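One letter stands for each residue in the lines below.
There are 4 protein chains.
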Amino acid sequence: MQALVYHGPGQKAWDDVPEPTLQAPTDAIVRIDTTTICGTDLHILKGDVPAVIPGTILGHEAVGTISEIGSAVTGFEVGDRILISCITSCGRCPSCKQGRYGLCTGGGGWILGHLIDGVQAEYARIPFVDTSAYKIPEGLTDEQVLFLADIFPTAYEVGILNGQVKPGDVVAIVGAGPIGLAAVLTAKLYTPATIVVLDVADERLELAKKFGADVTINNGIEDAVARIMELTEGRGADVAIEAVGVPATFELCSEIVSSGGTVANVGVHGSPVTLHLEKLWIKGVTITTGLVDTFTTPTLLKLIAQGRLDGTPFTTHRFKLSESVEAYDVFGAAAETNALKVVLEGEKTPLNAPKREALALA
Amino acid sequence: MQALVYHGPGQKAWDDVPEPTLQAPTDAIVRIDTTTICGTDLHILKGDVPAVIPGTILGHEAVGTISEIGSAVTGFEVGDRILISCITSCGRCPSCKQGRYGLCTGGGGWILGHLIDGVQAEYARIPFVDTSAYKIPEGLTDEQVLFLADIFPTAYEVGILNGQVKPGDVVAIVGAGPIGLAAVLTAKLYTPATIVVLDVADERLELAKKFGADVTINNGIEDAVARIMELTEGRGADVAIEAVGVPATFELCSEIVSSGGTVANVGVHGSPVTLHLEKLWIKGVTITTGLVDTFTTPTLLKLIAQGRLDGTPFTTHRFKLSESVEAYDVFGAAAETNALKVVLEGEKTPLNAPKREALALA
Amino acid sequence: MQALVYHGPGQKAWDDVPEPTLQAPTDAIVRIDTTTICGTDLHILKGDVPAVIPGTILGHEAVGTISEIGSAVTGFEVGDRILISCITSCGRCPSCKQGRYGLCTGGGGWILGHLIDGVQAEYARIPFVDTSAYKIPEGLTDEQVLFLADIFPTAYEVGILNGQVKPGDVVAIVGAGPIGLAAVLTAKLYTPATIVVLDVADERLELAKKFGADVTINNGIEDAVARIMELTEGRGADVAIEAVGVPATFELCSEIVSSGGTVANVGVHGSPVTLHLEKLWIKGVTITTGLVDTFTTPTLLKLIAQGRLDGTPFTTHRFKLSESVEAYDVFGAAAETNALKVVLEGEKTPLNAPKREALALA
Amino acid sequence: MQALVYHGPGQKAWDDVPEPTLQAPTDAIVRIDTTTICGTDLHILKGDVPAVIPGTILGHEAVGTISEIGSAVTGFEVGDRILISCITSCGRCPSCKQGRYGLCTGGGGWILGHLIDGVQAEYARIPFVDTSAYKIPEGLTDEQVLFLADIFPTAYEVGILNGQVKPGDVVAIVGAGPIGLAAVLTAKLYTPATIVVLDVADERLELAKKFGADVTINNGIEDAVARIMELTEGRGADVAIEAVGVPATFELCSEIVSSGGTVANVGVHGSPVTLHLEKLWIKGVTITTGLVDTFTTPTLLKLIAQGRLDGTPFTTHRFKLSESVEAYDVFGAAAETNALKVVLEGEKTPLNAPKREALALA
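Chains as they are written, first to last, in my numbering: chain X, 1 to 362; chain P, 1001 to 1362; chain V, 2001 to 2362; chain C, 3001 to 3362.
Looking at chain X on its own, in the form it has when it is part of the complex (with noise of 0.2 Å):
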């Protein structure tokens, strides 16, 4: 088959690679059959993320159809349409019995496309599948899901939940790329009064009111702490979401979050940041931190299929999966290109033969 596969910093190529196989019990093999590139595969393109070894195929959001199963598997059958999550849980550990899948200790978490191969390839080998996919409900298409394989409960969780946003809050929302916007989009989920939207680019800005955002701030340009000030006669943000990852953007939060308020973190940062305790160690403040579990998504599957969350905006283009290499290139050009989420769509080939018997006999 063929795949996207990482051959080291600045290097990538559309391969033909090994079919995977069911390595465990536990394990499921997916044909995919739509896939996206996310901003973390950026990163490891440049070097950024070194745990991620070069011959490792790349990508984490897909949505596919199983084509084998391991002996364990009981949730799902050959054929089943589904959503390969970026997070894996092993559903046994102390952490995924507590919903932390993230923080997983039994050999899942983030594994897809970083320890393990990844899904931007025609099979995909999903471990601990009965733990970590979901079945798709009839009459949704695999554009409507795909965002719920990182996004959606990323900035959900993360952000919304983790943020405790209630109805009535003024949430501030700093970075309007996709993570910034699906946090407009779940903040949503809980009325709040104000949703403000900070970003440098005015092209974002526009977009955020597009996805619901009711005051935008271009905070290169306008005193940002003053004009939320403004908005809230004083007392500042109930919850500010950091949704960028640079020291600059987690500092504005903390000057813009009202006493007794909530700093979400979501960005991933690589360098320290700066906290003025001396000015908030009175304020009664609350800064959370953390990788999505992805414990929401049947919660946001479900507001899908009921038409209350829509995801779909998101797609800016769209590229055969063979064309994965093209489809980095104008996803890594954003600044020109304009592109949110790229869309990779497989052949959708009929499956292999079921397999389960050939692995009994081997």
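Simulated from the structure, these hints should not be mistaken for lab results. These numbers come from a predicted model, not from an experiment. Using N, Cα and C, we set each Cβ at its ideal position, and we do this for glycine too. Hints may contain errors.
Here are the simulated DSSO-like pairs of lysine-lysine, each with C-alpha atoms no more than 30 Å apart in a straight line [what the hints assert, rightly or not]:
#, chain 1, residue 1, chain 2, residue 2
1, X, 320, X, 12
2, V, 2302, X, 279
3, C, 3166, P, 1302
4, C, 3166, P, 1210
5, X, 188, V, 2302
6, V, 2279, C, 3012
7, P, 1210, P, 1302
8, P, 1166, C, 3166
Partner residues are not named here, just some residues of chain V that face chain X (Cβ under 10 Å, in silico) [unchecked claim]:
#, residue
9, 2166
10, 2167
11, 2186
12, 2191
13, 2298
14, 2299
15, 2301
16, 2303
17, 2305
18, 2309
Pairwise CB distance ranges (calculated) [as the list claims (entries may be wrong)]:
#, chain 1, residue 1, chain 2, residue 2, range
19, P, 1203, C, 3200, 49 to 57 Å
20, C, 3018, X, 315, 54 to 62 Å
21, C, 3278, V, 2209, 29 to 37 Å
22, V, 2307, P, 1115, 34 to 42 Å
With chain X held as given, fit chains P, V and C onto it using these hints.
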């Protein structure tokens, strides 16, 4: 009457001053029966709290007896014995209505011995007495309840409750001064599996053991991070409570906390700290700050009345109220005197005749 | 002045009565600008609420303008336009300090039009005004905020919040009167997947659809349990809200709730009900009861000001305040008149001159 | 091997039966080292639980040693000493993923000694062992952990946690059998101000005092409601825990609970009860029900290992496993024998040789 008056950095005196008078219908005048000195009072004397203007009477922790009440006071009568709390609550502003009295915007918050005259005096004016003071149940001594004025609710609310201590947790408390030791006593209300106390003074660590610490670590000598990791099989503490107020101890807390755990900052900080978000962003950590609200004072009072909580071991020295200057010297030299809490006892002379009529005539 | 006075079971009149006067330093006198009639007022008129003694002015929901204030009032001034809530809070008792104003033991709770004169009058005395009334933001009409006096916070606190409605839930609301419909509107603040409304009157179910119900069931005709189970693949509703107040509807709620779900009782009951613990003991069900506390009124007011919540569709009829008797007739015959909420509008004559001085001299 | 087999109402025998074998890759076979008898086993023997078919081996509480494991088991090895819980969790269904193992829809829940053969036997098959059993820390005896199989988590989760016991509460526990006494021990983890135990047998009340009750009331003789109101200055208990399972005790709980309090039902009920909603609708009361989920077992195990919780006083009688019939007689006549928990000890003969290979070959 006489009182301990702040006369600018480094200067204090036991002075003759005018008796306080009712200034609002919600005020009470209280004869001070027992009071104590706080570490914050030492900061004021060093000039660290410029909001305190020379001429201010110090002190924000006391037990007293009401000698006069304003016309709108309904919950107390002359002669009632009350606990005076470090936090004043107007009971009307949005913060007070949410139980966040420390953030009171209606004229309360920490004002005694700070923005208005305090309680290290023969008499004191207590604003908003109905919503700020607590009647003392029969049979309890002044010293049994005195530490409810500040250190008990501070340690409990800002440390234990913000930290979300639960049965079975490993709780690490950094700093074994009065607040850290009050955190040990109130952590035990939730039956953690293990309480670890860290400090750089062995005398304090000895004391921590007497107060109930299971493990003590001298972090001036030992590798505290290694010790905590060893104790917890590499996981770290479920809750780390910062009870010192300097960057090094906050940063230590952020290193010893487990994935999914909480750092509860109680210390008063004068400088920014470095937050290692490049490590913490993925760890699902919560960091909290805050001033005490004293919303738990009624609960803690019940526990003291039932013998479930006992603050009397905090008292290491006792003086007459008129010996306040000497008492400050002993408390200020804690490293030599081993002072923990220094208690000042008033004369308890008969109350002046009730004066509500006098006010009405004025 | 004139007011709607209760004269014993079945008897009411628009009478000449003395103007109210300040009786405590925490009182205000308020000119009633707009008021409305509650189902509870009809119960009083039937003699179902014996605590209401003949001679009492009825009414506990109003918007008005302050004409006099007591000497201890600090949050309002003469001329302020306020929302008068069905619940009065002393702000000082243990219940009020926990936000449970409905359980106030300091002279508040539901007293207006019940234990003291109410607001269906030209002027009313409002006790504890600082902790019981809310300033109305500029630009909002009386009718936009009027329903915050009772039905909105009742439905939201006792139904939606007690029921712990979450995004993605199936919420079943039994009863489509004003409270049930307010539950539909406020449930939507948490974006449930599906709102099902049950009632025995098709007109009310039509209305429920207009207010936002996704599914309606006439439980006088249809097998409601079967319909709910079909809708939820046999699981039942996550939250069932009782908004009628008779045994049959409570028992229906206990049959349609899912394992792990919540029955939130909002209805006022006059008889015991049968609880099928022989089925429910194993189901992990929570049942809640309660009178409104109105602690969410500031939040709901913010949502109305931002256009996120709109109560104006409740008004079906409007009368002059002096036509109160006729208005009661229309509201009492709701089955024929289709009345939902009947609004009474005062004359808004110029305020009497401020009288604080008068009081001081008295 | 031999086991205690149910032969229909009133009939049981210590029989020769076939050894259990692995039936799924997630199974383990366990040598039973120590087991105990539950009140539920007596109900089964009376024929009250028709789902138990004649021929079933009884028992759902045990400590054992693994003798064989299925091919998908990753968390345990042959020879591991484990706690077997009354609740089996598939780890994959929506209920299990929310920690509600008692509501497992994937083949678990309460199945041992109920829907499949139980643990009062020399060997038992334990399904889903990875997600249902717990490794026992070195140094703990069988009896120290045995009561974690059922009564400790049941009392803690369904009584203390559902009841939301907090420091300072008055907790009333109705029923002083093993569950009620386990509620006393686990309530203390949250340091209530006062634990009151009610029962009709003075011997049980004596025992309750030994377990830590502060006050006991014989509600067969005394006016229990009056006593509780006197103790609480007319407020009632913050939490009332029903640990009997008959209408009278549930109704007693609903009378002694305070406004704003919680009734946590733990008892297994066979009949409906009367709920006095005509009094309760206004009281802000929460009523909870539920089967144990055992999600707290790891926490309770930690507390036992640290000496914070001790279940060994539950054991009143000890028998050999082969004397099960006699043990049932003693336990069934608790009123005369004063039996609390009756422990059955296996022979601990050497394990059969590991059989994973045998399976693979089969």
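### Hints the structure fails to honour
none
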